Amino acid sequence: MFEQLISDMHVSRMLPEILVLVVALAAILVDIVTPAGRSTRPVQITSIVGLLVVIASTLFVHNNGPAFGGMVEIDSFTIFFRVVLTMLTIIIMAVSENYIQLVKIRIAEYYLMLLFALFGMMLMTMANDLLIVFLGIETMSVSLYALVGMSRHRESSNEGALKYFLLGSFTTAFFVYGIALLYGAVGSTNILDITVYFQRTGMNLPIIAWAGTLLVLVAFAFKTALVPFHWWSPDAYEGAPTTITAFMSTAPKAAAFAAFLRIFYVGFGEVSDGWTTALWWIAVLTMTVGNLMALRQDSIKRMLAFSSITHAGYLVVAMLTYDVIGGAAMLFYLVIYGFMNIGAFLVAIALNRNEDDDRGYDINDYKGLAFRKPLIAFLMMIFMLALAGIPPTAGFFGKYYIFSAAVKSGFIGLAVIGVLNSAVSVYYYLRVVVTMYLKERDEKTEGRIFWKPDMAFAVIVCAVLVMYFGIAPDQLLKVATASIGALW
Amino acid sequence: MQSFMFILLTIVTLFSALMVVTRKNPVASILYLVLVFFCFAGFYVMLGAQFLAAIQIIVYAGAIMVLFLFVVMLLNLRDMDNVEGKPNAWQNLGIFAGIGMGLVILAYLSGSPGMSIAPVGNNPEVYAMGSAKYLGKALFMDFVLPFEIAGVLLLAAVVGAVALAKKKRA
Numbered sequence: 077m078f079e080q081l082i083s084d085m086h087v088s089r090m091l092p093e094i095l096v097l098v099v100a101l102a103a104i105l106v107d108i109v110t111p112a113g114r115s116t117r118p119v120q121i122t123s124i125v126g127l128l129v130v131i132a133s134t135l136f137v138h139n140n141g142p143a144f145g146g147m148v149e150i151d152s153f154t155i156f157f158r159v160v161l162t163m164l165t166i167i168i169m170a171v172s173e174n175y176i177q178l179v180k181i182r183i184a185e186y187y188l189m190l191l192f193a194l195f196g197m198m199l200m201t202m203a204n205d206l207l208i209v210f211l212g213i214e215t216m217s218v219s220l221y222a223l224v225g226m227s228r229h230r231e232s233s234n235e236g237a238l239k240y241f242l243l244g245s246f247t248t249a250f251f252v253y254g255i256a257l258l259y260g261a262v263g264s265t266n267i268l269d270i271t272v273y274f275q276r277t278g279m280n281l282p283i284i285a286w287a288g289t290l291l292v293l294v295a296f297a298f299k300t301a302l303v304p305f306h307w308w309s310p311d312a313y314e315g316a317p318t319t320i321t322a323f324m325s326t327a328p329k330a331a332a333f334a335a336f337l338r339i340f341y342v343g344f345g346e347v348s349d350g351w352t353t354a355l356w357w358i359a360v361l362t363m364t365v366g367n368l369m370a371l372r373q374d375s376i377k378r379m380l381a382f383s384s385i386t387h388a389g390y391l392v393v394a395m396l397t398y399d400v401i402g403g404a405a406m407l408f409y410l411v412i413y414g415f416m417n418i419g420a421f422l423v424a425i426a427l428n429r430n431e432d433d434d435r436g437y438d439i440n441d442y443k444g445l446a447f448r449k450p451l452i453a454f455l456m457m458i459f460m461l462a463l464a465g466i467p468p469t470a471g472f473f474g475k476y477y478i479f480s481a482a483v484k485s486g487f488i489g490l491a492v493i494g495v496l497n498s499a500v501s502v503y504y505y506l507r508v509v510v511t512m513y514l515k516e517r518d519e520k521t522e523g524r525i526f527w528k529p530d531m532a533f534a535v536i537v538c539a540v541l542v543m544y545f546g547i548a549p550d551q552l553l554k555v556a557t558a559s560i561g562a563l564w
Numbered sequence: 434m435q436s437f438m439f440i441l442l443t444i445v446t447l448f449s450a451l452m453v454v455t456r457k458n459p460v461a462s463i464l465y466l467v468l469v470f471f472c473f474a475g476f477y478v479m480l481g482a483q484f485l486a487a488i489q490i491i492v493y494a495g496a497i498m499v500l501f502l503f504v505v506m507l508l509n510l511r512d513m514d515n516v517e518g519k520p521n522a523w524q525n526l527g528i529f530a531g532i533g534m535g536l537v538i539l540a541y542l543s544g545s546p547g548m549s550i551a552p553v554g555n556n557p558e559v560y561a562m563g564s565a566k567y568l569g570k571a572l573f574m575d576f577v578l579p580f581e582i583a584g585v586l587l588l589a590a591v592v593g594a595v596a597l598a599k600k601k602r603a
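The listed protein sequences correspond, in order, to chains Y and C.
Under the working numbering, the first residue of the first sequence carries the number 77, and numbering increases by one thereafter.
Under the working numbering, the first residue of the second sequence carries the number 434, and numbering increases by one thereafter.
Isolated chain Y (complex conformation):
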């Protein structure tokens, strides 16, 4: 009977997640046997090799279906995000070693927290139960709080970590309260049970079910930094070590959107009329406010931080459509956004003049960069054009798919607002390109360039992918469509 119980749990379906934990524990052991004061290179290599095994196990071991009594669901949607999230984490880890030596973080826990964050994110993408979503979000967030505060000698890092922690805990309270109210109405936290409940009630929900849905929506809006719940993000993004800023603006955001999609498409799909109205306004506000704030920034790091809010707004537009085309566009955009944003942040790291100074990301440092370092300037131009959504980069197709999906679903007003916002964003992205290519070199602002082989390799990989998906987007779109199809 006991064996039967165990085999019904289908533990092996969570092999990649278990492997991530094994890698984390192995990394702890490696750190212990490394002599104190040495570099954290062994931990980094252990983590990266381990994560490559994780990707292999995801791609080559096919074992789909529910596990642990329907608490988690392994389908093509899960696999898509497993691979994407692990890849983004590997890129960040690959460039981190030189950077954390430079900014004097130098502790192996940096990699451990990334691994734990990855574990939490993977859970979020497969969670079929609000309880698991909650635990996944918490595991991810706790790791991110620590990562933001890793530069302990920098005041802004401590400030950002504390603000992020306080607001994040606040969000957790919202989320738990929402789950409790939904449990009170439905009698279960499983999203399939919630669907059945909503099918029975239709839009005539009791007030506690509405309140629960709304609170869950607010919690997700917080985690994906949507306006008006975005106030933690600029401080946390600016305070964090820049590799972590690049990580936070891509992978955790993708994971949060994955859970957002699964919960709202599968669980709350029956009441979509209710939440799409709320999301319509959130999308408009997010795109516009993010843009207006990014316009005013002279620091590349802050500009990218605010523009990541705008990009979350585009993603919400895709989510609103509530169909396969929009969902596929959203997954497509999440992937290419991950690569172009990480690429842009890595270039910003390379040009950072002073690792202890928060204002080391001034746009004036880019004056005449094309004449000084043509390759770096060219790569940065690719990322800026992609973020602005200009062909032939992947950014163009990302936005094209999103807005055409919105038009097809009848959100024409929203699509117009989105395209207008996209046009505004061209200003601050092209400003960087203009500074690099058309401004005179200025000896005063020129500083050391931190361009190590690992960094160069990662940036070039990102740039190649951004260009590749811009020229041949069909393949990725097909995979994205198949993945989102698992939710229907």
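Worth flagging that the hints you see were computed from the coordinates, not collected in a lab.
Predicted model, so just to flag it, every value in this text is computed and none were measured.
Glycine is no exception: its CB is placed at the ideal position from the N, C-alpha and C atoms.
There may be inaccurate statements among the hints.
[As the list claims (entries may be wrong)] Rough simulated footprint, nothing fancy, chain Y against chain C, three-plus residues with beta-carbon under 8 Å:
1. 461-471
2. 531-537
[Unchecked claim] Subject to a maximum C-alpha distance of 25 Å in a straight line, what follows is the list of computed SDA-like cross-link-like pairs (lysine to any residue):
3. Lys566/C x Met77/Y
4. Lys239/Y x Leu597/C
5. Lys554/Y x His138/Y
6. Lys599/C x Ile439/Y
7. Lys528/Y x Ile439/Y
8. Lys570/C x Ile82/Y
9. Lys570/C x Lys449/Y
10. Lys566/C x Tyr541/C
11. Lys239/Y x Lys570/C
12. Lys180/Y x Trp527/Y
13. Lys599/C x Lys554/Y
14. Lys528/Y x Leu128/Y
15. Lys566/C x Pro304/Y
16. Lys239/Y x Leu480/C
17. Lys570/C x Ile94/Y
18. Lys554/Y x Ser152/Y
19. Lys484/Y x Val400/Y
20. Lys180/Y x Leu105/Y
21. Lys570/C x Val585/C
22. Lys599/C x Phe580/C
23. Lys180/Y x Glu314/Y
24. Lys180/Y x Leu597/C
25. Lys566/C x Gly263/Y
26. Lys520/Y x Ile536/Y
27. Lys599/C x Asp84/Y
28. Lys180/Y x Ala594/C
29. Lys180/Y x Gly263/Y
30. Lys554/Y x Pro468/Y
31. Lys239/Y x Ala450/C
Following the hints, put chain C in place on chain Y, whose structure we already have.
Structure of chain C alone, referenced to chain Y:
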């Protein structure tokens, strides 16, 4: 009897919770927090979750609150208006814990079969659900995955806390 008890507990909980956030004196805040925790235990008892109630009192109202009180006293905050000294705070703690325990016992009596008019109290099945045995079964069978993930979450939190708190390696 039970609905009266519910209203009484609700009023005390809300009042104490308000006092927690409005008192200037941190020791007073903590004492009211003790009362809030006891009231929660009272709610648990009324819902038939005796085991949870016991854990609530031992872990929250007991261990964690004493820890809180110690920390506040060690910090020796300057603007502690009305606190004359440590014995006073401990004495007050006794009074608050006494009131709280009294409320829990009242809640238990109001909820016990025979005295109650509410469905929970009269249903022996629901009463059995509050036992440690039932809880253990649920935790290790239906909810084994969340249980294990909570372990990972705690590990991540510990590693993160150590990373932020430990002395810098030069």
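Q) With a cut-off of 8 Å between beta carbons, are at least three residues of the stretch 531-537 of chain C near chain Y? A) As far as the stretch 531-537 of chain C goes, the hint is violated, because 0 residues have Cβ atoms under 8 Å from chain Y.
**Q.** 25 Å limit on alpha-carbon distance, applied to hinted pair Lys554/Y and His138/Y
**A.** Holds. Lys554/Y to His138/Y sits at ~19 Å (cutoff 25 Å).
Q. Within 25 Å, alpha carbon to alpha carbon, are Lys528/Y and Ile439/Y?
A. This hinted pair holds, its Cα atoms lying about 21 Å apart.
Q: Measure nothing beyond the straight line between the CA atoms of Lys599/C and Lys554/Y; if it is 25 Å or shorter, mark the hint as holding.
A: Measuring from Cα to Cα gives roughly 48 Å; hence the hint is violated.
Q: Below or equal to 25 Å on CA atoms is what counts here, so check Lys566/C against Tyr541/C.
A: holds, 20 Å
Q: Could you grab the alpha-carbon distance between Lys528/Y and Leu128/Y and see if it respects the 25 Å cut-off?
A: It holds: about 22 Å lies between the C-alpha atoms, which stays within 25 Å.
Q. Quick one, are Lys484/Y and Val400/Y close enough, alpha carbons at most 25 Å?
A. holds, 11 Å
Q: Take a quick look at whether Lys180/Y and Ala594/C sit within 25 Å of each other, Cα to Cα.
A: Roughly 18 Å between the alpha carbons, so the hint for Lys180/Y and Ala594/C holds.
Q.
Holds or violated: Lys566/C and Pro304/Y, Cα atoms, limit 25 Å.
A. violated, 45 Å
Q | Distance restraint between Lys554/Y and Pro468/Y, which requires alpha-carbon spacing of 25 Å or less | A | holds, 19 Å
**Q.** 25 Å limit on alpha-carbon distance, applied to hinted pair Lys239/Y and Lys570/C
**A.** violated, 39 Å
Q) Given the hinted pair Lys599/C and Asp84/Y, is their alpha-carbon gap at most 25 Å? A) Judged against 25 Å, a Cα distance of about 43 Å means the pair is violated.
Checked against the numbered hints listed earlier, the structure breaks hints 1, 2, 6, 9, 11, 13, 15, 16, 22, 26, 27 and 29; every other hint is satisfied.
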